[in-house]
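Chains as they are written, first to last, in the UniProt record's numbering: chain A, 1 to 317; chain B, 1 to 628.
The set of hints was computed from the structure by calculation and includes no laboratory data.
Take the hints with a grain of salt, since some may be wrong.
What the hints assert, rightly or not - A short list of chain B residues far from chain A (calculated; beta carbon distances all over 10 Å):
no.: 1; residue: Leu12
no.: 2; residue: Pro103
no.: 3; residue: Gln141
no.: 4; residue: Arg185
no.: 5; residue: Ser207
no.: 6; residue: Glu224
no.: 7; residue: Tyr314
no.: 8; residue: Ile329
no.: 9; residue: Thr354
no.: 10; residue: Gly399
no.: 11; residue: Ser440
no.: 12; residue: Ala459
no.: 13; residue: Ile513
no.: 14; residue: Leu560
no.: 15; residue: Ser567
Unchecked claim - Label-pair distances were calculated between CB atoms; the ranges are:
no.: 16; chain 1: B; residue 1: Phe309; chain 2: A; residue 2: Gly70; range: 51 to 61 Å
no.: 17; chain 1: B; residue 1: Asp272; chain 2: A; residue 2: Trp185; range: 47 to 57 Å
no.: 18; chain 1: A; residue 1: Trp185; chain 2: B; residue 2: Glu252; range: 30 to 40 Å
no.: 19; chain 1: A; residue 1: Gln94; chain 2: B; residue 2: Ser294; range: 52 to 62 Å
no.: 20; chain 1: B; residue 1: Ile168; chain 2: A; residue 2: Gln94; range: 38 to 48 Å
no.: 21; chain 1: A; residue 1: Ala154; chain 2: B; residue 2: Asn529; range: 27 to 37 Å
no.: 22; chain 1: B; residue 1: Ala198; chain 2: A; residue 2: Leu170; range: 48 to 58 Å
no.: 23; chain 1: B; residue 1: Lys275; chain 2: A; residue 2: Val31; range: 46 to 56 Å
no.: 24; chain 1: B; residue 1: Asp278; chain 2: A; residue 2: Phe256; range: 37 to 47 Å
no.: 25; chain 1: B; residue 1: Gln258; chain 2: A; residue 2: Gln57; range: 34 to 44 Å
no.: 26; chain 1: B; residue 1: Glu252; chain 2: A; residue 2: His15; range: 54 to 64 Å
no.: 27; chain 1: A; residue 1: Leu170; chain 2: B; residue 2: Asn529; range: 35 to 45 Å
What the hints assert, rightly or not - Cross-link-like lysine-lysine pairs, in silico, DSSO-like; alpha carbons within 30 Å at most:
no.: 28; chain 1: B; residue 1: Lys194; chain 2: B; residue 2: Lys228
no.: 29; chain 1: B; residue 1: Lys166; chain 2: B; residue 2: Lys222
no.: 30; chain 1: A; residue 1: Lys140; chain 2: B; residue 2: Lys228
no.: 31; chain 1: B; residue 1: Lys358; chain 2: B; residue 2: Lys326
no.: 32; chain 1: B; residue 1: Lys44; chain 2: B; residue 2: Lys275
no.: 33; chain 1: B; residue 1: Lys235; chain 2: A; residue 2: Lys140
For every residue, glycine included, the Cβ atom is placed at its ideal position computed from N, Cα and C.
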Amino acid sequence: MEFFRIRRDIPFMRHALVLNAVSVITFVLAVFFLLHRGLHLSVEFTGGTVMEVNYTQSPDLESVRKAVAGLGFQDVQVQNFGTARDVMIRLPAQKGVSSAQQSERVMATLGADKAAGATLRRVEFVGPQVGEELATDGLKALAVVVAGIMIYLAFRFEWKFAVATVLANLHDVVIILGFFAFFQWEFSLAVLAAVLAVLGYSVNESVVIFDRVRETFRRQRKMDTEAVINHAITSTISRTIITHGSTQMMVLSMFFFGGATLHYFSLALTIGILFGIYSSCFVAAAIAMWLGVKREDLVKPQAAKGDAKDPNNGAQV
Amino acid sequence: MNRYPVWKYTILVIVLLVGVLYTLPNFFGEAPAVQVSSAKSAVKVDEAVRERVAQAVKAAGLNADAVTLDGSSVRARFENTDEQLKARDAVQRALIPDANDAPYVVALNLLSRSPAWLTKLGAVPMYLGLDLRGGVHFMLQVDMNAALDKKVESYAGDLRGALRDKNIRHGGVSRDGQAVEVRARDAATVTAVKNVIADQFPDLVVSDAGDGESARVVARIKPEAVRKVQDQALKQNITTLHNRINELGVAEPVIQQQGADRIVVQLPGVQDTAKAKDILGRTATLEVRMVDESSEARAAERGAGSVPFGDEKYSDRGGQAVVVKKQVILTGENLTDAQPGFENQTQQPTVNLTLDAKGSRIFRDITRDNIGKRMAIVLFEKGKGEVVTAPVIRSEIGGGRVQISGSMSTTEANDTALLLRAGSLAAPMEIIEERTIGPSLGAENISRGFHSVAWGLAAIAVFMCIYYALFGVISTIALLVNVMLLVAILSMLQATLTLPGIAAMALALGVAIDSNVLINERIREELRNGASPQAAIAAGYDRAWATILDSNVTTLIAGLALLAFGSGPVRGFAVVHCIGILTSMFSAVFFSRGLVNLWYGRRKKLKSVAIGTVWRPGADEASRAVAK
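Work out the full structure, taking the sequences as your base and the hints as a guide.
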């Protein structure tokens, strides 16, 4: 089997300008939604109590909501998740009231209706100070990842590639966050892990393409930068699609079989994978092109000396 | 060109064997077991207890698979839950004569069913996180400021005593926040106070001292001493928690320090949060009371009369009754430390107590008025009191440093010090995070996690085998080896597997296939450009290696950052993620090359390789030309 029968290099960079404009618009939209709507942060970040209650028969959410609100809690969220019989209740953190008291009071009320058969499956209480720490730790992790990757790429390739890669990948991350803000999906610790994993993973993509760019520069002395980039993307496109296809299969498997906990995790990864392909082909490569990557940047003098296996090594006229 | 030397194959075989060995324990599942652990800090579980448990089980006509002594508990494994329940009753009857005063906790537990020889090799299954087995998780924050306040308070008392001993007149010693403040009348006093602090209090540093009429000396605890105080407070709180949690009879509690001032407690299998919290928060208390020396009390001690009014009868550790007054002189709150030591002159083992300022004042008064009488130190655990020691007061004791000596052995002194420390918390704690996961939810999470990995893996395997033919099969085998090595390393590290960890495993496999795709695509490309099969294989692996290295290192950077800054689920994710990257580099490059070399390497005249269709633009046009 062979999916990709490409005769000539595909002129990816011809449309770079249009696509970059699209990228910028998407990016700005994502930032807008992030600022405007904000992330629907999970209890791990905000502090508060989350209860997962299982009923023998699907309950009327409105009456559950009323019952909980009747206890004097403010801003209570009651929603189904997973199945119609599973209800998730979120209570904001209250000063002076311990989580145990909160959950016990709620369960006492919900359990009073014996016919409904409510059982507590999970309680989670997180203090606000832990939440604050998690948020700052998340930002620190992001900063360290970005810095680490830039240093490594600048060392292995060239600073222009490092800048291009990091910009392209931050673009991915911001767009994922934009999706979470737009749809108000719950942003939990698992999603944070997914976002940071996407950062590493999507850099992977750019590295594979840049690796090819460097190699093509060395081999094809007559091509200009645009042609080299086109050639590099074309010759790795089969690998790019197959790899992402495989990873996506894994992620889909998590999406369908992983249950509620892995739902948003796999969703974040899916968006990350799709934008990862796009950004490494069009954004990273295009930025590198705009930054003016040249043959001399990548083919270092000692590399020009050629390898020892070459019989013409060192020959001069 | 495609042959591995023997040593490379040897490495491969050894790695595979080790991988299999350490993955195995995860497949045996768990057997019902009975666990016996100590219920009191004074009772030790040792080989003798193991022997008694084994005998009790045998006497009941039951057949235990294994009775082992494991750290501080004895565990007996059984075939089924039926035998387990019977055995628990038998062991309980044999070891606990009085249910109200149980020296041991006999609890039901699940133990790995893996054979003993595997366990002896150190091959044990992965530890399942609470989200996979159900239970309660607490995070406790220790109030370090309170611990420091307490310490400073005791320094203030000590300093007061030291200044009195040296006959230095001062305007008062007080605690001001976390500093000790001494008001002095003149410059000479300031110098004298400074000298005393420099000589006798190595942990204090004078931070600012004024001169003139209202001169003051302000001393603070040195930063390294602060760290020591905090460290000790945390350690003591952990010890105390251990003692309290033992009461719950939880199979494998996790009590860990997290960061500088937090303690994580995980109680697998516990569903009753209220009870768990009650026990975590309970203070085992220590009380100092006077022994009633009246003749009625003496009679009561011998069992010849009733306990006089206003007295209570407790037994000491040897079982001897001691009648003490109800009036409490001091409680554990006033005790800041207890350490075993030796008496200077006689070299007898002693227990050295340190009291805070208030405690030392009371203690001085009491000892002055009661020379020649006995004083009892009573420890209350689970609402039951026990006399730890009841020494005779020889002289007035000031300064808050109390030495208990007597006919003690070194071990006894150690145990007593431990007991005295165990009773109290060094600093108050509060619960700042709490999770409860039902056991059925845990089982569901396991099966969900397992299914997502299994189906994803199957889908990738089918695709790879069809698309890349034999090379796809090799890639699939490499992927399976990757899973095995990942599980083996996680088991070796005794990492805790959580649901995010399983997710990371699935993701790692998705990413791991990338290396194989890179290699296979590269080989196809070489073939397309007209390279000979052998050369194409060699070039494919070599060229892909640089790319694989670069891309994996960048992914690893992200993983390490997650590991460094993450906590809880993010950390669980990161551990698996990082190890997965390392194992995938091994299996995709080194191992799969080994398989390819084994298959193709020895054929001199290799015409073609089974890597699926290799489409050549030239060949396409040639065939069309022929058709014309």
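Results for each hint:
no.: 1; hint: Leu12; in the structure: holds (24 Å)
no.: 2; hint: Pro103; in the structure: holds (31 Å)
no.: 3; hint: Gln141; in the structure: violated (8 Å)
no.: 4; hint: Arg185; in the structure: holds (45 Å)
no.: 5; hint: Ser207; in the structure: holds (29 Å)
no.: 6; hint: Glu224; in the structure: holds (25 Å)
no.: 7; hint: Tyr314; in the structure: holds (34 Å)
no.: 8; hint: Ile329; in the structure: holds (34 Å)
no.: 9; hint: Thr354; in the structure: holds (32 Å)
no.: 10; hint: Gly399; in the structure: holds (39 Å)
no.: 11; hint: Ser440; in the structure: violated (7 Å)
no.: 12; hint: Ala459; in the structure: violated (4 Å)
no.: 13; hint: Ile513; in the structure: violated (4 Å)
no.: 14; hint: Leu560; in the structure: violated (8 Å)
no.: 15; hint: Ser567; in the structure: violated (7 Å)
no.: 16; hint: B:Phe309 <-> A:Gly70: 51 to 61 Å; in the structure: holds (53 Å)
no.: 17; hint: B:Asp272 <-> A:Trp185: 47 to 57 Å; in the structure: violated (34 Å)
no.: 18; hint: A:Trp185 <-> B:Glu252: 30 to 40 Å; in the structure: holds (36 Å)
no.: 19; hint: A:Gln94 <-> B:Ser294: 52 to 62 Å; in the structure: holds (55 Å)
no.: 20; hint: B:Ile168 <-> A:Gln94: 38 to 48 Å; in the structure: violated (52 Å)
no.: 21; hint: A:Ala154 <-> B:Asn529: 27 to 37 Å; in the structure: holds (32 Å)
no.: 22; hint: B:Ala198 <-> A:Leu170: 48 to 58 Å; in the structure: holds (56 Å)
no.: 23; hint: B:Lys275 <-> A:Val31: 46 to 56 Å; in the structure: holds (49 Å)
no.: 24; hint: B:Asp278 <-> A:Phe256: 37 to 47 Å; in the structure: holds (42 Å)
no.: 25; hint: B:Gln258 <-> A:Gln57: 34 to 44 Å; in the structure: holds (41 Å)
no.: 26; hint: B:Glu252 <-> A:His15: 54 to 64 Å; in the structure: holds (59 Å)
no.: 27; hint: A:Leu170 <-> B:Asn529: 35 to 45 Å; in the structure: holds (37 Å)
no.: 28; hint: B:Lys194 <-> B:Lys228; in the structure: holds (23 Å)
no.: 29; hint: B:Lys166 <-> B:Lys222; in the structure: holds (24 Å)
no.: 30; hint: A:Lys140 <-> B:Lys228; in the structure: holds (28 Å)
no.: 31; hint: B:Lys358 <-> B:Lys326; in the structure: holds (20 Å)
no.: 32; hint: B:Lys44 <-> B:Lys275; in the structure: holds (25 Å)
no.: 33; hint: B:Lys235 <-> A:Lys140; in the structure: holds (29 Å)
In summary, the numbered hints that this structure violates are 3, 11, 12, 13, 14, 15, 17, 20.
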